[in-house]
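Number of protein chains: 2
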Amino acid sequence: MALLLIIILGLLSIVYGAWATKSLIAADAGSARMQEIAGAIAEGAQAYLRRQYTTIGIVGVVIFVLVSYFLGLAVGVGFLIGAVLSGVAGFIGMNVSVRANVRTAQAASKSLGAGLEIAFKSGAVTGMLVAGLALLGVAIYYGVLTGALGYQPGDRLVVDALVALGFGASLISIFARLGGGIFTKGADVGGDLVGKVEAGIPEDDPRNPATIADNVGDNVGDCAGMAADLFETYAVTVVATMVLASIFFAGNAALSSLMLYPLGICAICIVTSIAGTFFVKLPASQSIMGALYRGFGVAAALSLVGIAIATALLVGFSTEYTTAGGTTFSGWDLYLCAIVGLVITGLIVVITEYYTGTNFRPVKSIAAASVTGHGTNVIQGLAVSLEATALPALVIIAGIIVTYSLAGLFGIAIAVTAMLALAGFVVALDAFGPVTDNAGGIAEMAGLPAEVRNSTDALDAVGNTTKAVTKGYAIGSAGLGALVLFAAYTSDLNHFIANAAQYPYFANVKLDFSLANPYVVVGLLFGGMLPFLFGAMGMTAVGRCAGSIVEEVRRQFREKPGIMEGKDRPDYGRAVDLLTKAAIKEMIIPSLLPVLSPIVGYFIILAVAGKSEAFSAVGAMLLGVIVTGLFVALSMTSGGGAWDNAKKYIEDGHHGGKGSEAHKAAVTGDTVGDPYKDTAGPAVNPMIKITNIVALLLLAILAHSAG
Amino acid sequence: MALLLIIILGLLSIVYGAWATKSLIAADAGSARMQEIAGAIAEGAQAYLRRQYTTIGIVGVVIFVLVSYFLGLAVGVGFLIGAVLSGVAGFIGMNVSVRANVRTAQAASKSLGAGLEIAFKSGAVTGMLVAGLALLGVAIYYGVLTGALGYQPGDRLVVDALVALGFGASLISIFARLGGGIFTKGADVGGDLVGKVEAGIPEDDPRNPATIADNVGDNVGDCAGMAADLFETYAVTVVATMVLASIFFAGNAALSSLMLYPLGICAICIVTSIAGTFFVKLPASQSIMGALYRGFGVAAALSLVGIAIATALLVGFSTEYTTAGGTTFSGWDLYLCAIVGLVITGLIVVITEYYTGTNFRPVKSIAAASVTGHGTNVIQGLAVSLEATALPALVIIAGIIVTYSLAGLFGIAIAVTAMLALAGFVVALDAFGPVTDNAGGIAEMAGLPAEVRNSTDALDAVGNTTKAVTKGYAIGSAGLGALVLFAAYTSDLNHFIANAAQYPYFANVKLDFSLANPYVVVGLLFGGMLPFLFGAMGMTAVGRCAGSIVEEVRRQFREKPGIMEGKDRPDYGRAVDLLTKAAIKEMIIPSLLPVLSPIVGYFIILAVAGKSEAFSAVGAMLLGVIVTGLFVALSMTSGGGAWDNAKKYIEDGHHGGKGSEAHKAAVTGDTVGDPYKDTAGPAVNPMIKITNIVALLLLAILAHSAG
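Those sequence lines, one after another, are chains W and B. Residues in the first sequence are numbered consecutively from 14, following the working numbering. Residues in the second sequence are numbered consecutively from 14, following the working numbering.
Worth flagging that the hints you see were computed from the coordinates, not collected in a lab. Treat the hints loosely; a few may be bogus.
Which copy is meant is left open, so a pair is good if it fits within one copy or across any two.
[Stated by the list, open to error] Derived pair list, reagent style DMTMM-like, types lysine to aspartate or glutamate, alpha-carbon separation capped at 25 Å:
no., residue 1, residue 2
1, 377, 564
2, 677, 216
3, 377, 664
4, 209, 41
5, 573, 130
6, 624, 525
7, 594, 584
8, 377, 211
9, 209, 564
10, 209, 333
11, 677, 218
12, 573, 590
13, 209, 572
14, 677, 564
15, 573, 665
16, 677, 664
What you are looking at is a predicted structure, and each value in this text was computed from that prediction instead of being measured.
Chain W with its partners taken away, still in its complex shape (with noise of 0.2 Å):
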């Protein structure tokens, strides 16, 4: 009952989509050379998923077929949903961005007001696809387990389908965001060096023949990579609370009601994410971040009320609930760390605008750096990056102790799962940057008026803040996220070792999770290695692929000197196709790394000392991941967000405006911040959780062998 009503809410998102969908196609769409530009955009960006999907479609059926081999049809089929459903969110989402970019263009010509509304409304479309798909494919599925094939609630088999979901959407995500991220950051990067610092013409001239794939990059990146990132952090952390309740009340009556809890507080935010959608709308002073956060904060606002309706609901305020483990709390206490998870998202918010806001020191320093030259810039940079891991950090640890102590590990779940009940509202945010990042390049590429490109510039910079809250927000969520699946780890581990009857596999295993095992340190170490390494391959990836663009971008000019003078027209589809196939190549290797690393690390420590070791080793290993990751992606992304503003600053006519010395030293910066912000900064995010969960799955794969 209460599910089926979960139920119907997740379909509003859907409703909402349709019928925005529907009014943005009705929009005007411009002349035609617009409508050409924008072709020209959706073809590559259409090329390139179907490419990107086809080959994780190979990986994933590889994967469908062993997990399914290893723990039955059911559970292959959860990891089935979440794969399917993921690149079905970033598709969708991205189809309607490549859409709604040339009409925003068009729209900006009459209003800002205008732009803003087309290009938010298709932002939201992804937004509540992404929290809609991701809150319908874990509720319906549980409800097919548990309803009409007879599982129970705690049953292993529902609890492991559940997981395989969760990996189905981390898996698609790792691949969406470090493709997506090598894609843009390649063309943008690459674009950049050829086109404004060797040919000296300017971004999104159409004389650049990696102008296009610029275009497609940010439809590719920021928007189905940051959709999948987000529909995954989503059903992961939905999955792991609901696997940490079946965990923590097995044979308890109030089961059932606390696993569907994080499951009606994600309904719920639904609806208030929606409504909050109706309330961005441009005030009379034309603040367009006024206007977002004007919606952002009715949709807290209204979360507040539905969550307290979804407690009363499902869990009661009054009623007192107590773990296997003898942790006891009421509805009130789970109530109050939603809230919390509600006040960290706002705190980060505000401590990413503080780092990467042109209103504030940081960025400002970067700025003032830039005066001395390239190389103090990036020190300042890097500095700024270093210190922005800071005050989040604090933000989660705060978060942590006040939710622990309010409901436990269980509080810590709820508090995220608060936090992600937004999702659909921040990743509105999110999308609505590369649509007014793309509608800036087709005004410029159309040669419409200054006052278009004005209109779609001042959309832009806000999108480039929006880009970099949501980004911090991604991270700050991740990271609790991977602490609730490691939770989910450590107590599913617990739980073989106790019923070692049933799953010989784990009979004399004794767990040591003591920092004073020197198995957990050598866990921490190989753990908190990887988000280096990963963010190593990412980066050296952007440089190879920007490298190539330069040359084939240098080819084209050398081959076809008409282009320069505007006579010949570049061929826009090579650059395309070829940053296509590099992508690709390069995403291979370090997606499969945290994939492989938990299995590699388990067996090789198994072997040198034995399992107990081994299974001390992985935990520790999931939470070195999670640490380093944490503060590895958070100083990539603000620090990169921060450099991208310091250009901007500078731009906007300090310390001697475009053009001068500090201006070339700040497009840099600029550059450096750019595979650090958006490739693998954010790439991290799935890096860890896939960590997390493969861990999860060989833990369920080891139970069903017979020891």
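With chain W held as given, fit chain B onto it using these hints.
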């Protein structure tokens, strides 16, 4: 009796130092102009160190009083010994170095071999004094406490006094590392920006008012700073190993010999290191690196024999030992652990050379990326810096696993001891760098013939590699050494809890170091944050100092236009003075971060949650600092070295050579790498250990309190 022999062997280092210094001073000090320049460098360096030690002295006196008040005078005196000897090692090393630079320049005007001999001998004085004074300090004070004062080897007072000795060394070390690092890189970055980039004059040009400051920086940063750093790692590791022995073998008849064993390893290796120095002779191939590696190889090979002798005499190869925790191992096992330590040293040297040497992929890839601009140079440099952490981490992981399987935690401690036993020789390799760097500067400023500069440049290039190699070694050993300290923390804590009757503060404390404990996660995150924040502070400080140098030099050029024409003499002293004040000011707050963090962290968690949780969180914090600190430090030092040598590789005529666009991009990378590799990165070493050692002292103080 054994202790007496150890002290006698330790005294050999002083004898060697006196002999080598005497023969250095006797060498030809060159022309009056050369001596004048050298005099200015020496004066600046002495002025800086005087000021630095005065400032540290004030902090030191406060801490001495606090330690003596809380833990008694004998412990306070231990702190004093560590602090004073560390300062003495740095001070003497720096004084020898500022005399050797001019003599190296003069000798290089005769032959490369003669230059190498002087430079290396000067480095060897610093190296042997570092190892010798550290060993003598620990051995003699241990002898006094257990002999004249009549304490038992395992008494708490002895343990506390030794830990305080380590703390004294650490405290000097972090100030010296950070202050010296900020000074040297502020001068280097600022001088290069305003000289090379703005004024277009070469490095070390006498017209640049920051030139002397740059040379002073080499001495106070690379020489005195590194000396203090390795003095600290050496002293702390020996102390931590002794403390572990005192805990593991409390009440065991073998206690005394196992506590002497690390001292014995170190004593014998001082002899083998001295022997090795005599094999550093330029071979017919004129390979400087070959000469250095031959000496190092001889020292390492002799150490294998020497440690075998120490093992036979002190612990016996066939004797079996059993710790209080029940781990059993033989003298053979300990010997094998020592060999593992030497192997780790060798592997880290090889890996660091791979990542920072001009013959291999990483440096070449940065050089190649410079062709497409500043941005791609920095991107590739960051990629290399991230990647360079992986192999050293795997070596350390393998080392932990092997030595732990051989002889438990004590085996890890012995391996680190053996690693550090060669510190005398390694510091010699490092301290050789600034001497040759200075010699080149003096040759340039005094207008010596070009072939002299060629010789000093050849020496300097090798110096760059040895500096990078030493840093890799310092960080690897610091990471492992910190793990031993962490083991001492957990063992100490368990000891206090088990004897709560005697230590009432620890009554009812239940230690839960399990990763499943959220306070452990909180501690790991908090500790993990510190190296990032600390690195940010170091980078910012260098940026600020460099900025003030740029302004000072611009001012001098403006007010005395004759400087650029070579008619007016720049005011070198003002630049030195300005940097001295700035560096001292900037070093204070970051240095206090690791001192205060464990204390503040403990009391906050104590207030929020309770004693048990606070002890768990602080323990986890120590490990968090080690894990992220290791990666941050490794990535910064290797990345910086790679950037530096990518520039040199281009200057050697690749990708267009000096003056090309690629070279300009490589100069930017080098500038970014400077504070990475010489300020923030290396200062993370002492920072990691201070955090750990302060936590140990905190335990000691709490153990003294009423409860």
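(message) For residue 677 and residue 564, with the copy left unspecified, which applies at a CA distance of at most 25 Å: within, between, both, or neither?
(response) both (22 Å within a copy, 21 Å between copies)
(request) Indicate which option fits the pair residue 677, residue 664 if close means a Cα-Cα distance not exceeding 25 Å: within, between, both or neither. (result) For residue 677 and residue 664, both the intra-copy (10 Å) and inter-copy (24 Å) Cα distances are at most 25 Å.
(message) With identical chains, the pair residue 377 and residue 664 could be close in the same copy or across copies; at 25 Å between alpha carbons, which is it: within, between, both, or neither?
(response) within (12 Å within a copy, 34 Å between copies)
(request) Pop the pair residue 677 and residue 218 into one bin, within, between, both or neither, using alpha-carbon distances up to 25 Å. (result) within (19 Å within a copy, 27 Å between copies)
(request) Could you place residue 624 and residue 525 in one of the four classes (within, between, both, neither) given a Cα distance threshold of 25 Å? (result) both (11 Å within a copy, 22 Å between copies)
(request) Can you give me the call for residue 209 and residue 333, within, between, both or neither, at a CA distance of at most 25 Å? (result) neither (64 Å within a copy, 71 Å between copies)
(request) Could you figure out if residue 594 and residue 584 sit no more than 25 Å apart (CA to CA) within one copy, between two copies, both or neither? (result) Within one copy only: 16 Å inside a chain, 59 Å across chains, cut-off 25 Å.
(request) Measure nothing new, just compare the shortest in-copy and cross-copy C-alpha distances for residue 209 and residue 572 to 25 Å and report within, between, both or neither. (result) Close inside one copy (20 Å), not across copies (38 Å); limit 25 Å.
(request) Indicate which option fits the pair residue 377, residue 211 if close means a Cα-Cα distance not exceeding 25 Å: within, between, both or neither. (result) Only across copies: residue 377 and residue 211 sit 23 Å apart there, 28 Å inside one copy, limit 25 Å.
(request) With 25 Å as the alpha-carbon cut-off, assign the pair residue 677 and residue 216 to within, between, both or neither. (result) Answer is both; intra-copy 14 Å and inter-copy 24 Å each pass.
(request) Can you give me the call for residue 573 and residue 130, within, between, both or neither, at a CA distance of at most 25 Å? (result) neither (41 Å within a copy, 61 Å between copies)
(message) At most 25 Å between alpha carbons: which applies to residue 573 and residue 665, within, between, both or neither?
(response) For residue 573 and residue 665, neither the intra-copy (35 Å) nor the inter-copy (36 Å) Cα distance is at most 25 Å.
The structure fails to meet hints 4, 5, 10, 15 from the earlier list, while all remaining hints are met.
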